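**Student:** Sequence:
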Amino acid sequence: MTVQQLITFGITASLVALVFSLGLKAATGDLLYLVKRPAKLIRSLIAMNVILLIFAIGVALLFPIGLEVKIALIALAVSPVPPILPGKQTKAGGTQSYAISLLAFASAAAIVLDPVSMEMVGRIFNAEIHMPASRVMPPVLTTVLAPLLLGIIFRRLFPGAAQRIARPISLAATALLLVACIPVVITSGIAFWSQIGDGVVLFLVLFTVVGLVAGHLLGGPEPDDRTVLALAAGTRHPGVAIAIVTLNFPDQKAALAVMLWHLVIGGIVSIPYVRWRKARHSSDPATASEGHK
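All residue numbers for the sequence shown refer to the numbering used here, where the first residue is 191 and numbers rise by one.
Derived from the structure by calculation, the hints contain no laboratory data.
Some hints here could point you the wrong way.
To be verified - Here are the computed lysine-lysine pairs in the DSSO-like style, where the Cα-Cα straight-line distance is at most 30 angstroms:
hint, residue 1, residue 2
1, Lys226, Lys468
2, Lys230, Lys278
3, Lys468, Lys278
4, Lys230, Lys281
5, Lys226, Lys278
6, Lys226, Lys281
7, Lys281, Lys468
8, Lys468, Lys230
Bear in mind that the values here come from a model prediction, so they are computed numbers and not experimental data.
Please model the entire structure based on the sequences and the hints provided.
**Tutor:** Structural data, given as structure tokens:
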């Protein structure tokens, strides 16, 4: 196994373990939360997959930026929630049931929406751009749906064991993810920072800001739900975005760097919002007692 293969395996294994640990703390009701709230599901998909796609297409059409930046923004706009996000959402005061259900449904929806969205983008730019469901399915099933369902089933069968092992698995997976990502961040950083003059940082910042605003406004009347959707709309699954670029633009290595650094820049840009939502959540006794249910 090469070093690159070892790093890829480490990242995938850590994501699988993180989502599995999330499932160990969830119930079937959490997974089906959005089934009982179809209007909220529709608003969530609009915030994530419609508004951000319009933003990315608008940037690509209106601004003379590098091709790699355009490709990265559009690929990110049609990608689902990253597996590491629900933990951040609940720590910021977001509703756990909504965060888990949105992770599952946004990932499942991507299998259908991504091919349609990329065909539409191809027609707008008069280019051959495709993303078959068969290419979206593997990262979605491997890093989100399968481990989440396995965790929920394990908790249902062995509730005591699930409670004991959830935190250790989460901590070990987080440590493995950090170690595996260090060389990726360093090597991709060289390609990324060479593009600073193309406005890549500005547009990645705007991508997250637009997502935060759209998600907050469409999150509904419950403050904690707004927190969940805002963070979901501003942060995307890099694995799916990378699959889109690798299939359609295999020579655009710089675009891959942009998508990886989206997580870093998005995380930094989100800090003020997360702190604000934590403060609001803590100051409201009602949401503080119910927000994580």
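**Student:** The structure should be examined with respect to each hint, and the outcome stated for every one.
**Tutor:** Outcome of the hint check:
no.: 1; hint: Lys226 with Lys468; in the structure: holds, 27 angstroms
no.: 2; hint: Lys230 with Lys278; in the structure: holds, 20 angstroms
no.: 3; hint: Lys468 with Lys278; in the structure: holds, 11 angstroms
no.: 4; hint: Lys230 with Lys281; in the structure: holds, 21 angstroms
no.: 5; hint: Lys226 with Lys278; in the structure: holds, 24 angstroms
no.: 6; hint: Lys226 with Lys281; in the structure: holds, 24 angstroms
no.: 7; hint: Lys281 with Lys468; in the structure: holds, 8 angstroms
no.: 8; hint: Lys468 with Lys230; in the structure: holds, 22 angstroms
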